[in-house]
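Asker: Protein chains in written order, with the working numbering: chain A, 1 to 281; chain B, 282 to 431.
Bear in mind the hints are in silico, worked out from the structure with no lab data behind them.
For each label pair, taking beta carbons as the anchor points, the in silico distance ranges come out as:
#	chain 1	residue 1	chain 2	residue 2	range
1	A	Y187	B	G368	29 to 37 Å
2	B	D390	A	N245	21 to 29 Å
3	B	K408	A	K228	18 to 26 Å
4	A	Y187	B	A330	35 to 43 Å
Being a predicted model, the structure only gives us computed values, none of them experimental.
Cβ coordinates follow ideal geometry from the N, Cα and C atoms, glycine included.
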Amino acid sequence: MNFKTITTAVALVGASIALAACQGTAGYEPNPYDSMDGGIWSGYKTASVETQAMQNDDFENPAMPWVDAAAELYDKADGEANVSCADCHGAPDDETGGLKHIPMKGVGASYPAFDPETNKPINIEMRINQCRTKYQKAKAYKYESDEMLGMTGLVAMQSRGMERVSTADFPDDKLNAFWKKGEEFYYQRRGQLDLACSNCHEDNPGNMIRAERLSQGQSNGFPTYRLKWQKPGSLHRRFRGCNKNIRAQPYGYGSDEYMNLETYLAWRGRGLPIEAVSVRK
Amino acid sequence: MKHAKLMTAAFGLALAGTIATGAQAAELVNYKIVDETIPQSLTGKPGDAAKGKKIVIHRKKGNCLACHVMPIPEQQFHGLTGTDLNGVGSRLDEATLRMRLVDPKVINDGTMMPSFYKTGQHRVLKKFIGKTILNAQEVEDIVAYLMTLK
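Let's have the full structure, built from the sequences with the hints guiding it.
Answerer: Given below as C-alpha cells:
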C-alpha cells in the first residue's frame with residue numbers, strides 16, 4: 001500500500017483531534033443540523049472539513065491504493081476460464097458494458113438487487129464473487145479482503161453522483177419481504193445498552209453522542225475509508241461495529257440479517273448521491 | 282402506575298440463564314417499585330458520591346456523558362441526546378433517580394436511556410449475557426452523586 005497516503009492520513013487525524021480540542025473548550029456543542037425537517041443527508045455533512053477534503057480529491061483519498069490495485073485485477077485474466085472482468089464488461093467506466101453489455105455504472109446506485117438464483121437480495125460483494133466463481137471459475141474473494149474492498153469500491157465508484165434508487169417498499173417488488181425484515185431489524189432494540197439503529201440515526205442525527213456527531217447512518221458512501229480502521233471497510237463491517245458498541249452480538253459478513261438491513265438502508269437513502277469511496281473518521 | 286409491583290430482576294437472569302457463561306453473573310437483588318420509584322436502597326449501604334462521579338464519567342461503566350450534559354467541565358465531550366443534568370438533585374428525589382438508573386423504561390418505555398441494572402435484553406454480546414451494566418453499589422454511588430447536583 002501507498003505509505004505516503006497513510007502518513008498523510010495519520011497527520012490529518014492528528015489535526016482534526018487538535019481542532020476538536022479547540023472547539024471542545026465550550027464544553028459541548030449544540031446540534032447545528034436541522035434533523036426535524038424530514039430531509040435526508042449523508043454522513044459527509046457531519047464529517048470534518050479535513051475528512052471531506054480527503055474525499056473530495058482522489059489524489060488525497062486514502063482508499064485509492066485499494067481501488068488502483070483492484071483496477072489491475074479487473075483487467076487480468078483469472079481462473080480456469082482465464083477471462084478478465086474487462087473481457088465481459090469492458091473497462092469499468094465503459095458505459096456500454098463491453099461484450100456482455102453489462103456496465104458497472106449504475107450498479108452502486110441500484111444494489112442490493114434481487115438474485116433469482118438464490119431468491120434473495122444480492123449486494124455488490126456477492127455479485128463480484130458470483131462472477132468470479134461462475135464465469136471466471138476462480139476462487140471467491142474473502143468478504144473483507146483487500147481485493148474485495150478494492151473491487152467493490154471500483155464498481156460502486158462508477159455510480160458516483162447518481163441518485164440511489166429503491167422501490168423495495170412496493171408490495172410487488174421482489175425485495176419487499178427482505179425490506180420488511182430489514183425494517184424490523186432497524187427498529188428493534190438490542191444489546192446490553194438496549195438501543196435500536198433508530199434511537200441514534202433517526203431520533204438524534206446531528207446530535208453529539210459524547211465525542212461523536214451522529215449522522216443518519218446512511219449507506220451511500222460505502223465501501224468507506226475509515227481513518228480509525230486505516231483502511232476501507234464494508235457496510236457490514238460498520239453494522240458489526242454499531243452492534244458491538246452497544247454490546248449486541250453482531251451477525252456475520254454477508255449474513256441474511258445484514259443483507260435485509262442493507263436492502264432496507266438503501267431504501268432509506270433514496271435520492272442520496274453515491275459517494276463511494278467515502279472517507280470517514 | 283398505581284399498584285406496587287415486585288420486580289425480581291432474577292427473572293431476567295433466568296431467561297438468559299440457559300446461555301449464560303459467566304460465573305460472574307451475580308444474583309440481582311430484589312427491589313420493589315412504588316409508583317415508578319424505588320424507595321429502598323439496593324444495598325442498604327449509603328452511596329459514595331465521589332465514586333459515583335467517577336462511574337458517571339467512565340466509558341465502560343456509566344458513560345452518562347455520552348448522552349447528558351453534566352457539571353463536569355474537566356471532561357471535554359458531553360452528549361446532547363439526553364436531558365441536561367445540572368440541578369437534577371433538586372428536581373428529582375432519590376427514589377426516582379434510583380428507578381431512572383435501574384430501569385428507566387418503567388418511567389418511559391420509549392427512552393433511549395439504557396437500563397443499568399437489568400438483564401435479558403435482545404442479543405446481548407456473549408460476554409455480557411446475564412450481567413448488568415452496573416452493580417447495585419455502583420447504582421447507589423451514582424444516586425448519591427446525582428443528589429449533590431443541586
